[in-house]
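Student: Just need the whole structure built from these sequences, with the hints factored in.
There are 2 protein chains.
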Amino acid sequence: MQAEIITIGDEILIGQIVDTNSAFMAELLSLNGVTVKQISSVSDDREHILKALKEAKERASIILITGGLGPTKDDITKKTLCEYFSTTMRFDKVVYQDVVDVFASYGREVTPTNRLQAEVPANCEVVRNFNGTAPGMWFDVDGTIYVSMPGVPYEMKAMMKNQIIPKIKQRFELPFIYHKTILTQGIGESSLADLISDWEDSLESEKIKLAYLPSPGMVRLRLTTIGNDENKLRIAVENKIEDLTKIISEFIYGYEIFGEESESLEEIVGSLLRNKNKTIATAESCTGGYISHLLTRIPGSSDYYVGSVISYSYEIKETELGISKALLDTQGAVSQQVVEQMAKAIRLKYKTDYSIAASGIAGPGGGTEDKPVGTVWIAIATPEKVISEKFLFGKNRERNIEKTANSALNMLRKELD
Amino acid sequence: MQAEIITIGDEILIGQIVDTNSAFMAELLSLNGVTVKQISSVSDDREHILKALKEAKERASIILITGGLGPTKDDITKKTLCEYFSTTMRFDKVVYQDVVDVFASYGREVTPTNRLQAEVPANCEVVRNFNGTAPGMWFDVDGTIYVSMPGVPYEMKAMMKNQIIPKIKQRFELPFIYHKTILTQGIGESSLADLISDWEDSLESEKIKLAYLPSPGMVRLRLTTIGNDENKLRIAVENKIEDLTKIISEFIYGYEIFGEESESLEEIVGSLLRNKNKTIATAESCTGGYISHLLTRIPGSSDYYVGSVISYSYEIKETELGISKALLDTQGAVSQQVVEQMAKAIRLKYKTDYSIAASGIAGPGGGTEDKPVGTVWIAIATPEKVISEKFLFGKNRERNIEKTANSALNMLRKELD
Numbered sequence: 539m540q541a542e543i544i545t546i547g548d549e550i551l552i553g554q555i556v557d558t559n560s561a562f563m564a565e566l567l568s569l570n571g572v573t574v575k576q577i578s579s580v581s582d583d584r585e586h587i588l589k590a591l592k593e594a595k596e597r598a599s600i601i602l603i604t605g606g607l608g609p610t611k612d613d614i615t616k617k618t619l620c621e622y623f624s625t626t627m628r629f630d631k632v633v634y635q636d637v638v639d640v641f642a643s644y645g646r647e648v649t650p651t652n653r654l655q656a657e658v659p660a661n662c663e664v665v666r667n668f669n670g671t672a673p674g675m676w677f678d679v680d681g682t683i684y685v686s687m688p689g690v691p692y693e694m695k696a697m698m699k700n701q702i703i704p705k706i707k708q709r710f711e712l713p714f715i716y717h718k719t720i721l722t723q724g725i726g727e728s729s730l731a732d733l734i735s736d737w738e739d740s741l742e743s744e745k746i747k748l749a750y751l752p753s754p755g756m757v758r759l760r761l762t763t764i765g766n767d768e769n770k771l772r773i774a775v776e777n778k779i780e781d782l783t784k785i786i787s788e789f790i791y792g793y794e795i796f797g798e799e800s801e802s803l804e805e806i807v808g809s810l811l812r813n814k815n816k817t818i819a820t821a822e823s824c825t826g827g828y829i830s831h832l833l834t835r836i837p838g839s840s841d842y843y844v845g846s847v848i849s850y851s852y853e854i855k856e857t858e859l860g861i862s863k864a865l866l867d868t869q870g871a872v873s874q875q876v877v878e879q880m881a882k883a884i885r886l887k888y889k890t891d892y893s894i895a896a897s898g899i900a901g902p903g904g905g906t907e908d909k910p911v912g913t914v915w916i917a918i919a920t921p922e923k924v925i926s927e928k929f930l931f932g933k934n935r936e937r938n939i940e941k942t943a944n945s946a947l948n949m950l951r952k953e954l955d
Numbered sequence: 539m540q541a542e543i544i545t546i547g548d549e550i551l552i553g554q555i556v557d558t559n560s561a562f563m564a565e566l567l568s569l570n571g572v573t574v575k576q577i578s579s580v581s582d583d584r585e586h587i588l589k590a591l592k593e594a595k596e597r598a599s600i601i602l603i604t605g606g607l608g609p610t611k612d613d614i615t616k617k618t619l620c621e622y623f624s625t626t627m628r629f630d631k632v633v634y635q636d637v638v639d640v641f642a643s644y645g646r647e648v649t650p651t652n653r654l655q656a657e658v659p660a661n662c663e664v665v666r667n668f669n670g671t672a673p674g675m676w677f678d679v680d681g682t683i684y685v686s687m688p689g690v691p692y693e694m695k696a697m698m699k700n701q702i703i704p705k706i707k708q709r710f711e712l713p714f715i716y717h718k719t720i721l722t723q724g725i726g727e728s729s730l731a732d733l734i735s736d737w738e739d740s741l742e743s744e745k746i747k748l749a750y751l752p753s754p755g756m757v758r759l760r761l762t763t764i765g766n767d768e769n770k771l772r773i774a775v776e777n778k779i780e781d782l783t784k785i786i787s788e789f790i791y792g793y794e795i796f797g798e799e800s801e802s803l804e805e806i807v808g809s810l811l812r813n814k815n816k817t818i819a820t821a822e823s824c825t826g827g828y829i830s831h832l833l834t835r836i837p838g839s840s841d842y843y844v845g846s847v848i849s850y851s852y853e854i855k856e857t858e859l860g861i862s863k864a865l866l867d868t869q870g871a872v873s874q875q876v877v878e879q880m881a882k883a884i885r886l887k888y889k890t891d892y893s894i895a896a897s898g899i900a901g902p903g904g905g906t907e908d909k910p911v912g913t914v915w916i917a918i919a920t921p922e923k924v925i926s927e928k929f930l931f932g933k934n935r936e937r938n939i940e941k942t943a944n945s946a947l948n949m950l951r952k953e954l955d
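Chains as they are written, first to last, in the numbering used here: chain A, 539 to 955; chain W, 539 to 955.
Everything labelled a hint here was simulated from the structure, so no lab data went into it. Hints may be right or wrong, so weigh each one.
[Stated by the list, open to error] To give a feel for the contact side, a few chain W residues facing chain A, derived at Cβ under 7 Å: (1) 749; (2) 753; (3) 754; (4) 762; (5) 765; (6) 827; (7) 837; (8) 848; (9) 849.
[Claimed, not checked] Simulated DEER-style distance windows between Cβ atoms: (10) A:745 - W:592: 27 to 35 Å; (11) W:751 - A:641: 25 to 33 Å; (12) A:743 - W:647: 55 to 63 Å; (13) W:647 - A:584: 56 to 64 Å; (14) W:707 - A:745: 44 to 52 Å; (15) W:930 - A:765: 39 to 47 Å; (16) W:540 - A:569: 34 to 42 Å; (17) A:902 - W:540: 32 to 40 Å; (18) W:732 - A:692: 20 to 28 Å; (19) A:714 - W:696: 39 to 47 Å; (20) W:910 - A:736: 51 to 59 Å; (21) A:680 - W:668: 48 to 56 Å; (22) W:682 - A:584: 21 to 29 Å.
Glycine is no exception: its CB is placed at the ideal position from the N, C-alpha and C atoms.
Tutor: Here it is, written out as structure tokens:
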């Protein structure tokens, strides 16, 4: 079963807002076994909307439309739908009562402009809007379903989840789709592709599709399969993941089951710390507080996160973390000895079980021949030991900071696992 | 001049990622006088991509394509472009050298998979990628420009801004657009709209368009006008800005100059500190290192940023910042006295000229009747004094952290100005 999404509104086309509605609708459809073939954002323009509808109809059996339903002059979706279906408007009493009720709840009367909300194309089935005044509309014409929804995200989301998806499931017999995503850290997309190339080839016979989803320092690998036997699909995917785990276990930090939100590395680390009743502190140089920020953006992180010293200058490394001037002068701040001492010092000073320390050259300046931009040392101190690792990232400051933080969190995760 | 944007990749169609690239491209095009007619997200599917290209060509003279350029097996954009233009691949030596250099900078050799990055359709002009290995491609065929760019946001953004937009301006005669953006902090979108409503009405007669661009704690106001007489447009906009400044001067922290990227608050603060040869440290509680991260993500920030104490626990506030247990017990960590003492303590301890301290209830837990979620105290210590202010933000943790950081930076900016 194929669907298309059409969003109507100039604000997306001038880049003023990011279209988050489409991602929401697409995810819900995918989860329910509907393949989204195309997402189109078109202007508030009669001819353009008509063309988009005709093009979508050639490819899809379900067409979801959002936006352009407000009562103001630039919203022309309803009129254009009338034209598309060669029909006229009718006045819907149920919708009108909903509009009256919404206005009454604000202690106001319905204005003539808002009375227009109750006008709908004659051939539609109304989908009531319990969060606003613009109704949804369901059209079942020549075997194609068209749904028009308001563009206000929370109105659309509630309508989509509670009314439209159930109606689609009733109207069509849908296949089962199984997705699972493997979360990896510490290996680039192309190195990963080389490493798993034989395994990747083996997916074809099982009709499993693979997608690489990279972000700084991480690659997510998504497996997708479609069919009717839910159990068979799941087993096929899980078997392949078992094979993959043998090849790249050291890089895998988690899994994302489709439909569930994927846990971030800092959430995984946070859960491990909480479950083990352990605490953490950080001593950061090149990351400038970013590791600390990632840890503390998780609600409830005060259960395990105690605090940090951001020692950007040499002097703070000396006075607050007790790194000797001699060591800094001979080895430099970006060195194994310094970063290990930073980790040990913050763990003792802040009386935590674990600590992270990072020191590197984020760039764009500060690189030398020996230590080019992107050189980073990371250390983890545990109750038993200190481990450290050297990395050579790229030239981009912001990405170097992100990659350092993600690598550090993953090193800690391995120690906690 | 009309353009269309085509993004290729199943990850958008299954709703796994939100398409932020299109908004970025659409905004840049709009700001340069190009109207975006449609944005389409299509699947990694040969036939579908071909169809999308044909449909776009009917409506637009410029077609921007992103995604599907990685070296891995699911990326088919280049092959499909060859088919669309009835051409074959050629090996590009300049691209290959770029790939070699990128790999060399990581101390690695080019893999066979990555060698494929240097294969491009024979009829394209290569657009070099200075941030990754997949090149951009520029096609000028029958009066239509097609540009294929990598989907990785920072690679696409740099290419778009520094190479593609200048090439489009050279290739087409575009109308003159003058825009200037006023950067405000400390007033919400709707309060701002109420405050400047008469001024906003006065823009119409000058044919100046106004856009509100909100982000947590900030609103950017963008004025845009289009025409042929550059000087006249500039004067009209500057006059309106002069009027606006009289109304909302206390909220304005900067301006975004025509064609240049707007300076962030942390960049403005950084420049002020550097120019005055002053230093800064932070003592953070609820922001958990985020203020420090904002300050240090600016290249060269080690010239003025010294370090921070992130005192998340009560104990660290006592031991590292000398806040007395009695004060914490009677006033609570989120109080004027505590936050002022934090600012004073970090300034003295880290021997800086200025300091920022923040303590608040970011949420979702931890609120009380007296101090609900969103309550934040911020203090700034200067060589002469300590100032502090109480804020009541919202319920969203992430936004509260952002708003606190932006408010703190703006308080410091006012002291430095």
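Student: List in ascending order the numbers of the hints, as given earlier, that are violated by the structure.
Tutor: 2, 3, 4, 5, 12 and 15
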